[in-house]
Each structure stands twice: as C-alpha cells, then as structure tokens.
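Protein chains: 2
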Amino acid sequence: MTNQRKPRGPYRKSAERREQILQAAYEAIDEHGERASLQDIADRVGVTQPALTYYFPTRDDLLLAVLERRDVVGKAFAVAAEEERPMIDSMVASTRHTTDHPGLAKLYVTLSAAATDPESPAHRYFAERYSGLAAEVTEYIQEQQRTGEVRADEPAEHLARTLLAVLDGLQIQWMHDPTVDIAAVAETFTRMLVPPAGSGQQTGSGQAAEPAG
Amino acid sequence: MTNQRKPRGPYRKSAERREQILQAAYEAIDEHGERASLQDIADRVGVTQPALTYYFPTRDDLLLAVLERRDVVGKAFAVAAEEERPMIDSMVASTRHTTDHPGLAKLYVTLSAAATDPESPAHRYFAERYSGLAAEVTEYIQEQQRTGEVRADEPAEHLARTLLAVLDGLQIQWMHDPTVDIAAVAETFTRMLVPPAGSGQQTGSGQAAEPAG
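Residue numbers (the working numbering), protein chains in the order written: chain A, 1 to 213; chain B, 1001 to 1213.
Bear in mind the hints are in silico, worked out from the structure with no lab data behind them. Do not rely on the hints blindly, as some may be mistaken.
Said to hold, decoys possible - Computed list of lysine-lysine pairs in DSSO-like fashion (alpha-carbon distance at most 30 Å, straight line): (1) LYS1106/B <-> LYS106/A; (2) LYS13/A <-> LYS75/A; (3) LYS1106/B <-> LYS75/A.
Using the sequences and the accompanying hints, generate a full structural model.
Spelled out as structure tokens, the structure:
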C-alpha cells in the first residue's frame, strides 16, 4: 500500500501546481472560450508562461486536459442529477452542463472536429474518448435492459451510440441557435429508449410495481 | 414567363463557368478533403486562380457553396433510396453518403464547428441551414405521424431535431473510428421512431392494410 500514499515533498508540490494550472485553464476557457490566452492562465496561478509549458508542453496538451476535466465534471453532474427518472434526469443534466458552459462546449466541438484529421495531436485522445464512452454507456444500457428500464429489442451498443450521437448533435444545434430547448429534445429521446408497451419487457422499477419477492 | 427563360449570352456563360468551378471544387474536396488547393481547383477548370475569386470572392464562399451542394446531393441520394421502408432507407442512405465521401464530411464537421463562433463567415450559413433543415424534417415527420408511420406521442419538432442530431453525431463518431457501422446504428434509431405497439396509432401503410375508403 505504500505505493499508493499521497506524494510528498517536491513531488507533491509539482502535482498541486499542475492541478492549479489545469483549474485556472478550465475557468479561463469557461469564461472566455478558446480565446483565453496562456498569459491569462499563467496570471491566474501567478506563474510565468514558460512555467506552464513545464507542466503542459503544448497548448493542445493543456486544452485536452481541460476537455478531460469537462468530461469528469459533466459526468459527475449528470450522475448527481439522477433521481426518480435516472435516464431522463442524467440526459437533461448533460445538456444543461453544455448550455451552462458554452466556452467549454465550443472547445470540445472545435477540437473534436480538428481531431478527425489523423495527423492532429488530438486524434488519439478523441478516438479513445469515443470508444471508452461507447463501451461505458453500452454497459449501462445493458444493465437497464436487464432491469426493464430500456428497450431490449435493439442492441445495447446501437442504443448507446445513438445516445452519444444525440448529445453531440444537440450540442451543435444549440451552438448554432441558442434558442433551441435541447433539454426538452433530450427528454423526448430518453422516452424513445423506454420498452414499447406490449413488448413483454416491462418489469422495471419505473413501471407498475411488482410484488416484492 | 419570359423572366423564367434560361439566361443567354454572356450571362449564361457566366452561370456555366460558376457551375464548372463549383463542380471542380466539389470533386477536389471529395478526393483530397480540405487540403484541396485553389490552384488544383482552378487547374481542373482551366482558369487562373484570380478568375476563381471573381465567382467566389473568398475560400470560405467556395467551401460553403460546396457544402450546400453536398446537402442537395445527399438529400437526392436519400430520397432516391426510399423504397418500401422510407424512413429507414433514407436514414441509411444518408449515413452511406457520409461514409462514401469522407473529404466532404470532414469539411462539413470542421466548418460547422468553426461556424459556432458568431464572428465566423460561415456562422449565418449554418444557423440558417439548421433552422431550415429542422423545419423541413419537422414537416416530414408531421406527415408521417398523420399516416401512422412515426410515433405521435412526442412533438414532431423534437423527433426531427433528434434525427438531425443522430446524423451529425454518428458522422462524428465515424470520423473518429471508421470501423463503427453507423448505418446499422441509424437503422436502430429509425425503429425507435415507429409508434409503440398498443398506442392505437398504427394506421399507416407500413402496418396492416386498411380497407380502402
């Protein structure tokens, strides 16, 4: 277990500094979008710009770390929102996280588009992000199919990829027209995931209560 | 009617030349993606590069015209594919049009991302494209809801926006990982649009035949 204890001394200090820089970049982009300058980020932490590059050698390294954090924060936000209607609540929370943080959403869309070029530094990051997310959501959907919350008449992976596509696509629509109520559209989509009536699949807790045991 | 006759003389020649350039740009980008140079496009038509700018003042003007054509060609392709299962056939054809023309798909994703910036020259083009498409697909879905092909338990506009989001989102997933079978995922999605059994909505031609009259 000794390997897992928190780093101490200069090593700890270095991890803390990296975290400060990442947090500052996250906030700067949240406020100003991609236009946020490295100088602004360095100023927020009180370091020089060359010090930044010690932790994040290129601007892309820093931007991808910010996107990684966005994923983590967004997921935590979605999970925290799950109450009586887990699928709906978390989908709606995801869209809300998008619309509440337009600077971060814009960064995501821009880098994701650039990353489709195999020579882009972000290419591998996004390829892994998508395959990881697809696997994770597929597993979640399989679980929901077993409990009867989600229709089992379609392959879980297809439903998972559709769900991810809806989130990405609605994000784009919203950025082109912020008057679109993408939370409401996402709600419609989650209802399309429910087992069709008469499919003999409705055994889930979201449906009529089954006698215990 | 005289106003609608085809232009003649120098005016006609100018329209033809514009069309040649647009077609050459479409093909060059289809082959080489965004890396296609203006010089290459000019060479294909046999004009000088300055002559290009007479018809398309900026590179963006030309690229947006190519995207507009991609929409037209893609839609024609989707409509032509409609046979017994109109929704499924056209959705699958749309994804196929994407995967058959990666250079054009990449251009679309990149410009669409850049256009989320209100100061981008493509901003208005995309805003209008999305609102126009949303209106068009909504109308189509309303029709399908009336004939019972599409579920009427959700607002047509939500279903339309979901459909557009799925197409955009799957396109992105495919560009990050070309092994994903997005045509199959799109098929799953179209089945989610079907009226749930027992909704009392199944009166469409896709279902049991109704007595004529």
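* Index of numbered hints that the structure contradicts, given in increasing order -> none
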